[in-house]
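Use the sequences and the hints to build the structure in full.
As they're listed, the protein sequences go chains X and A.
Under our numbering, think of the first position of the first sequence as 142, with each following residue one higher.
Under our numbering, think of the first position of the second sequence as 544, with each following residue one higher.
Keep in mind the hints are simulated off the structure, nothing from the lab.
If you're wondering where the values come from, they're calculated on a predicted model, not measured in any experiment.
Warning: the hint list may mix true and false statements.
With a straight-line cut-off of 25 Å between C-alpha atoms, the simulated DSS-like cross-links for lysine-lysine are [what the hints assert, rightly or not]:
#: 1; chain 1: A; residue 1: K903; chain 2: X; residue 2: K366
#: 2; chain 1: A; residue 1: K726; chain 2: A; residue 2: K699
#: 3; chain 1: A; residue 1: K786; chain 2: A; residue 2: K960
#: 4; chain 1: X; residue 1: K375; chain 2: A; residue 2: K907
#: 5; chain 1: X; residue 1: K375; chain 2: A; residue 2: K903
#: 6; chain 1: A; residue 1: K726; chain 2: X; residue 2: K375
Here is what each chain is made of, one letter per residue.
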Amino acid sequence: MINSDRLLELKFSVLRGLAAIFVSISVAAILIFIISDQPGNALFQLLLSPLGNERQMWNILERMIPFLFTGLAVCVMFSAKQFNLAAEGSVMLGAFMAAMTAIYVPMPPIIHPIVSILVGVITCGLLMLIPALLHTKLGANVLVSTLMLNFIIQFCVQFVLVNIVADRSQGALMTYQFLETAGIPAIRFNTSYGLVLGLAMVVVVSLFIYRTRWGYAIRMVGLNKEFSAYSGLKVAGIIILCQVIGGMLAGMGGAVEMLGFFDRFRWRLLPGYGWNGITIAILAKNNPALVPFAAFFLAYLSRGAVNMTIHADVPFEMMDIIQAVIFLFFAAEKFLAGYRQKMVVKKAKRELGEDLPAKKGG
Amino acid sequence: MRGITKIYPNGIAANQAVDFSVRAGEIHALMGENGAGKSTLMKILMGLEQPQEGEIFLGGEKVSFASPQAAIAKGVGMVHQHFMLVPSLTVAENMVLGIEPKKHGVFFDRAGAVALTKEYSERYGLPLDPNAKIADISVGMKQKVEILKALVRGAKILILDEPTAVLTTRETEELFKQLVILKEQGFTVIFISHKLWEVKQITDRITIMRGGKSMGVHTTAGISEQEISRLMVGRDVMLSLEKEKAEPGGSVLNVRGLNYTNQWGNRMLKDVSFTVRAGEILGVAGVEGNGQSDLVRILWGFESPDSGSVAFEGAEILGEPQSWLRELGISYIPEDRMVYGAAGGASIEENLISDRAWGKRLNKGPFFNAGAIRKECDDLIKRFKVLARSRGQRVGMLSGGNIQKVVVAREFSAGPKLIIAEQPTRGIDVGATEFIRARMVELSRQGAGVLLVSADLAEVMQLSDSLIVMYGGEVVAYFEDTSALTDAEMGEYMLGLSKQSAEELGRAAHD
Ligand SMILES: Nc1ncnc2c1ncn2[C@@H]1O[C@H](COP(=O)(O)OP(=O)(O)OP(=O)(O)O)[C@@H](O)[C@H]1O
Ligand SMILES: [Mg+2]
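The following block contains the structure:
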């Protein structure tokens, strides 16, 4: 259901996004000039070094993989205005469940990673029933319950890891190695085929949100819940559905990241990808089709920030500043609205042609 | 206002070189079809929208208002077509929003706000309960709050955007008395309305708009109703409705013994019973706030009654979800179109399919059938004459009347067996009103039952085949045939001065 008005809006939001990124990087540049002894080098590391060689570029794609999944997960949930933050916990739980399957359940290659991912996906889908049902049945605030849920998950995983599944032969806390059959093969360097799965999910979720009745219902509930109920949409069901889907996507992200990049599970804390997913959803304006761009940008920036930290004297946190500035501009609806208005007026006048009487003096 | 041109961000030229002038101390009508640009012009005067071209003069002085605050400071106040009240606050709190009286310079003076509200409400004869929450009061009440809000802020020029659309005849007449008094006190009133007789009755001059342009100014006395509508619509309009006599069939909706107490312990419905039969329009008349909206909310499953039953074609529907009601073939045009009737942020297309998104016709396997949806929506937009650039336009950007048309288009096209129509022609121009009423009659003659709830007495009396009157939560009168009914007789019942006997009322059940 794309149409000319929406296309125009899309164009402007992309333009606005680029402008916001430009401004934020300018702000970062100014800060770098103030705090760094070698600002030229620091800036180079942040902005250009990720393009430095093939390995660097593949690393950007590698970093993008979990972002794709969590970005999509948050897009789906935020589309229905369900401010569910448990994508974070889902990543950890999904990764952990996939790891368990990868270690303890022998299976032939190819089947093994697929089943492991599915185990993570299903567990996290079920997990999201908790906040969703608490909300629809008892009216519990999703934001609060999922914020807490994240930490419950973290501590439960930690508990099981420490007390039950840890490999005691190792100096640090970690599980046994995954079975050979369970890994997701790499396309190149450390970038796994999870990237392909992520991009495929972008297509699937975009189609789901914009081309199916369920996606439609999710968006309508987000736009106006009263209207949706009045129209006969099953609002409670939709609210549950979007969170279950969100949990499944985030769980998939965790599983893919775990099997594609690691050979043992060793996360003791929440990995943070869920929070990045929120940034991405906001940058993408909840539009799944824009998620790859936002995810790429964030991945690029984080690679650059890492390089800057290693090779220059600016801390990694510069990335947070850039993100914050982008947020500010995105939140500011009026940013560039004047420019947009001018273009629209020009077009409208052209359409009206002679219809519009000459401006009168006075 | 001179040479005003306004182009919205979506490229719609809502005003094109419009000249508009009002004299101090007059009541000036602004008329025009839905989407003619009336609200836009007034929003510009209020500083809510900025025009691309044109100038505004106030008392000979050139002004430009960057914000409504600037306009209010110069004594221009507006009551909007869609209310701008905070639902979670009380009447008094809304009244003083932004100009809160302070205690000791810092604390909000609640008692002061209540006193102020009482004072103005008495001075201008608009009775209100200052402590009621906005969310809980009727639309008619909200209207009064809005008017008082403007007066409290010291408005000298009062813009009323379709103020009477939500009022009953009696309330309207009261309002008119007040407007005349205001006028005598030197206030200037700009009055937007689609109702010709109102404009004829109280205004001095009329500016007519069509398609974003001004069609000139006329003195009210010097122009006939027919001429006004011709200037507005560009053709002659039939104002009276031809309808054949109803031949009611079996009962579609049986409401029996409904009792309802709302969450504040007010008894809103008392033993309400009636029957809607196939092929007839049953009107529900009554002053707003006498239980009609509670009744409709119960029928639509948004509220559950203390006792009683509601049966559709013999099967109980109380407690059933809305999706089931839709499936049974019940349509509902809600009173509050911006909350229930439409999603402002969604496109026209998305609003039109909200009740049928699961239908076989609009789906192909798991996906929407984009072609079928497009066709259906274009067809509805054309049939119901929704003024829009495309079906992808956001509903929130349409003019008030056109939003209503979108709602009506969806509900009437669902192939309903029962239509619950609550204020169906509110805010719709004469041309479209004529069209919607005719469609409603047509649907009923094809066998649908219609329950018509309207505060517009003329509308219920003209459209209904039979009619019940509600007062204080009770059905106080039932007329099987409305053709011989007079306004005076209706007034008696509506004000609670008389009540029919139990036996007479029992006929409404058609058992
Ligand atoms: N905020 C907005 N953004 C874009 N277009 C708008 C906006 N508000 C109104 N329009 C468009 O401008 C035109 C004029 O609208 P306006 O609200 O002024 O009409 P109106 O004369 O008040 O009609 P009605 O009697 O239906 O209230 C319409 O075509 C409408 O779609
Ligand atoms: Mg209007």
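Can you give the numbers of the hints that this structure goes against, from lowest to highest? When the structure is compared with the hints, only number 6 turns out to be violated.
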